[in-house]
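Number of protein chains: 2
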Amino acid sequence: MSDESPPRGDKSATKSRILAAAITLFADQGVAGTGVRAIAAAADVHPSLIIHYFGTKDGLRVACDKHVAAFVREHKQQVMRAGRIDPAELRDLSDGPPLLRYLARALADGSPHTAALVDEMVKDAVDYLAEGVASGLIRPTDYPYERAALLAIWSLGALALHEHVQRLLGVDLTNLDGGAAVESAYGQMASELLGKGIFRT
Amino acid sequence: MSDESPPRGDKSATKSRILAAAITLFADQGVAGTGVRAIAAAADVHPSLIIHYFGTKDGLRVACDKHVAAFVREHKQQVMRAGRIDPAELRDLSDGPPLLRYLARALADGSPHTAALVDEMVKDAVDYLAEGVASGLIRPTDYPYERAALLAIWSLGALALHEHVQRLLGVDLTNLDGGAAVESAYGQMASELLGKGIFRT
DNA sequence: ACCCAGACTAAACGAACGTTCGATTAATGT
DNA sequence: ACATTAATCGAACGTTCGTTTAGTCTGGGT
Numbered sequence: 075m076s077d078e079s080p081p082r083g084d085k086s087a088t089k090s091r092i093l094a095a096a097i098t099l100f101a102d103q104g105v106a107g108t109g110v111r112a113i114a115a116a117a118d119v120h121p122s123l124i125i126h127y128f129g130t131k132d133g134l135r136v137a138c139d140k141h142v143a144a145f146v147r148e149h150k151q152q153v154m155r156a157g158r159i160d161p162a163e164l165r166d167l168s169d170g171p172p173l174l175r176y177l178a179r180a181l182a183d184g185s186p187h188t189a190a191l192v193d194e195m196v197k198d199a200v201d202y203l204a205e206g207v208a209s210g211l212i213r214p215t216d217y218p219y220e221r222a223a224l225l226a227i228w229s230l231g232a233l234a235l236h237e238h239v240q241r242l243l244g245v246d247l248t249n250l251d252g253g254a255a256v257e258s259a260y261g262q263m264a265s266e267l268l269g270k271g272i273f274r275t
Numbered sequence: 075m076s077d078e079s080p081p082r083g084d085k086s087a088t089k090s091r092i093l094a095a096a097i098t099l100f101a102d103q104g105v106a107g108t109g110v111r112a113i114a115a116a117a118d119v120h121p122s123l124i125i126h127y128f129g130t131k132d133g134l135r136v137a138c139d140k141h142v143a144a145f146v147r148e149h150k151q152q153v154m155r156a157g158r159i160d161p162a163e164l165r166d167l168s169d170g171p172p173l174l175r176y177l178a179r180a181l182a183d184g185s186p187h188t189a190a191l192v193d194e195m196v197k198d199a200v201d202y203l204a205e206g207v208a209s210g211l212i213r214p215t216d217y218p219y220e221r222a223a224l225l226a227i228w229s230l231g232a233l234a235l236h237e238h239v240q241r242l243l244g245v246d247l248t249n250l251d252g253g254a255a256v257e258s259a260y261g262q263m264a265s266e267l268l269g270k271g272i273f274r275t
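First to last, the protein sequences are chains F and V. Here the first sequence is numbered in the numbering used here, starting from 75 and rising by one per residue. Here the second sequence is numbered in the numbering used here, starting from 75 and rising by one per residue.
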């Protein structure tokens, strides 16, 4: 019980408090299922202040999209591998709003900015896989784009179904602590499947 | 322009008309984003009739869940492989409400009955894969349950992200016509990845 | 012929919704 | 000290929400 009452008159701090509250609630209950009053209460501000800053509820949604997209853009590779985010950045992730849970919902909901984000991730994956092929680690393919796309879909799809992944395999892909996901049942099984394949040679 | 005006006094027909409209709208806009009035208008009935039949909006949601679950339970294997539903059943799928789109949203939203459904699919996949192992087609593994679970997650995750799958690979997993998905870029790439693996031997 | 169960409608309720408007407060420049 | 600006609140707007209540209409049993 230290700084419970937010300081008044600090615009950017209030704005990010609203943003954090919105991301949390949107991630939990969906955009349509969350009212501005609930967000305002969580951010400890008056509802009309949200409109004053973001114009409209959808403006706030867009701001949340952009905020999460900015984070993801800096960690594309790690997010797509659903783990192994370096500990320094990880503190920001556990302390702040649940960015990955928000992303998971945005992926399924088809929010405006998410498609572009996914496309970027696929493009990066193409390059990343091409490097692996060049260094002889990764098997070449006739369809490098399609392979990258499918790997991205599988990774992000697992993130979107993180609730089921947790129930079935015991890993919370949205709350990775120190690369736990890679050593988990999820990571080990993914290695086995992608490593040796599934069909008998 | 044949039977535009629905017959009055046919309880079960009206009920399924409401159910179909609800599944369509829920799949398109989400449960929270769809009002009972919109459903009533789509089903061409009065809003209060929905309450009369299903008690509450959430009761209608549960009825939709059950209806979709019943369909999926009869086609578990095909749904998980996201294709190859036999043409007879397929007509019901294209004519009726978008059951797979509803399922995709329910998977990500975590609706009540979906978890049990996924668990059943995984259990079936365990058996199915065990048969493959017994017949020598499929490589054995030390963790058969985890393998089945991950394959299910990948399949259903791709379904949940069907919008991105369509944009990236040109396949609509929710609107499969005659096993097109298996021969598509999605199906071929999945075969390649699961067949030979990704790492160079 | 009557009646009655039930399919269905009409109108309204209170609550919650997103948003607007005007006032109040506190910091800032002069 | 004063004017200005912006941050923030308080109260209300009109709309839509899910639901309720009371009713009308109709087909089938007796």
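Among the clues, some could well be false.
All copies of an identical chain are treated as equivalent in the list; a pair is satisfied when it fits inside any one copy or across any two copies.
SDA-like, lysine to any residue: derived pairs with alpha carbons at most 25 Å apart [what the hints assert, rightly or not]:
{"#": "1", "residue 1": "Lys140", "residue 2": "Gln240"}
{"#": "2", "residue 1": "Lys197", "residue 2": "Gly244"}
{"#": "3", "residue 1": "Lys85", "residue 2": "Gly261"}
{"#": "4", "residue 1": "Lys131", "residue 2": "Ala190"}
{"#": "5", "residue 1": "Lys197", "residue 2": "Phe273"}
{"#": "6", "residue 1": "Lys150", "residue 2": "Asp118"}
{"#": "7", "residue 1": "Lys89", "residue 2": "Asp246"}
{"#": "8", "residue 1": "Lys270", "residue 2": "Pro172"}
{"#": "9", "residue 1": "Lys131", "residue 2": "Glu257"}
{"#": "10", "residue 1": "Lys85", "residue 2": "Val200"}
{"#": "11", "residue 1": "Lys140", "residue 2": "Asp118"}
Calculated from the structure, these hints are not laboratory results. Only a predicted model underlies this, so the values are computations on that prediction, with no experimental measurement involved.
Taking the hints in turn, this is what the structure says about them:
In the homo-oligomer, the alpha carbons of lysine 140 and glutamine 240 lie at most 25 Å apart only across protomers (23 Å), although the nearest pairing inside one protomer, at 27 Å, exceeds that limit. Within a single copy, lysine 197 and glycine 244 get their C-alpha atoms only as close as 30 Å, which misses the 25 Å cut-off; across copies the closest is 16 Å, which meets it. In the homo-oligomer, the alpha carbons of lysine 85 and glycine 261 never lie at most 25 Å apart, since the shortest distance is 42 Å inside one protomer and 51 Å across protomers. Taking the shortest alpha-carbon separations for lysine 131 and alanine 190, only the intra-copy value of 22 Å comes in at or below 25 Å, while the best inter-copy value is 35 Å.
When the C-alpha separation of lysine 197 and phenylalanine 273 is checked against a cutoff of 25 Å, the pair qualifies only between copies, where the shortest distance is 20 Å, while the shortest distance within a copy is 29 Å. Proximity of lysine 150 and aspartate 118 under a CA criterion of 25 Å is satisfied in neither setting, with 32 Å inside one chain copy and 47 Å between copies. Proximity of lysine 89 and aspartate 246 under a CA criterion of 25 Å is satisfied in neither setting, with 29 Å inside one chain copy and 39 Å between copies. Proximity of lysine 270 and proline 172 under a CA criterion of 25 Å is satisfied in neither setting, with 34 Å inside one chain copy and 36 Å between copies.
When the C-alpha separation of lysine 131 and glutamate 257 is checked against a cutoff of 25 Å, the pair qualifies neither within a copy, at 40 Å, nor between copies, at 43 Å. For the identical chains of this complex, lysine 85 and valine 200 are neighbours neither inside a copy (41 Å) nor across copies (55 Å), given an alpha-carbon limit of 25 Å. Only within a single protomer do lysine 140 and aspartate 118 lie at most 25 Å apart by alpha-carbon distance; the minimum there is 22 Å, versus 40 Å between protomers.
Hints 3, 6, 7, 8, 9 and 10 from the earlier list are contradicted by this structure; the remaining hints agree with it.
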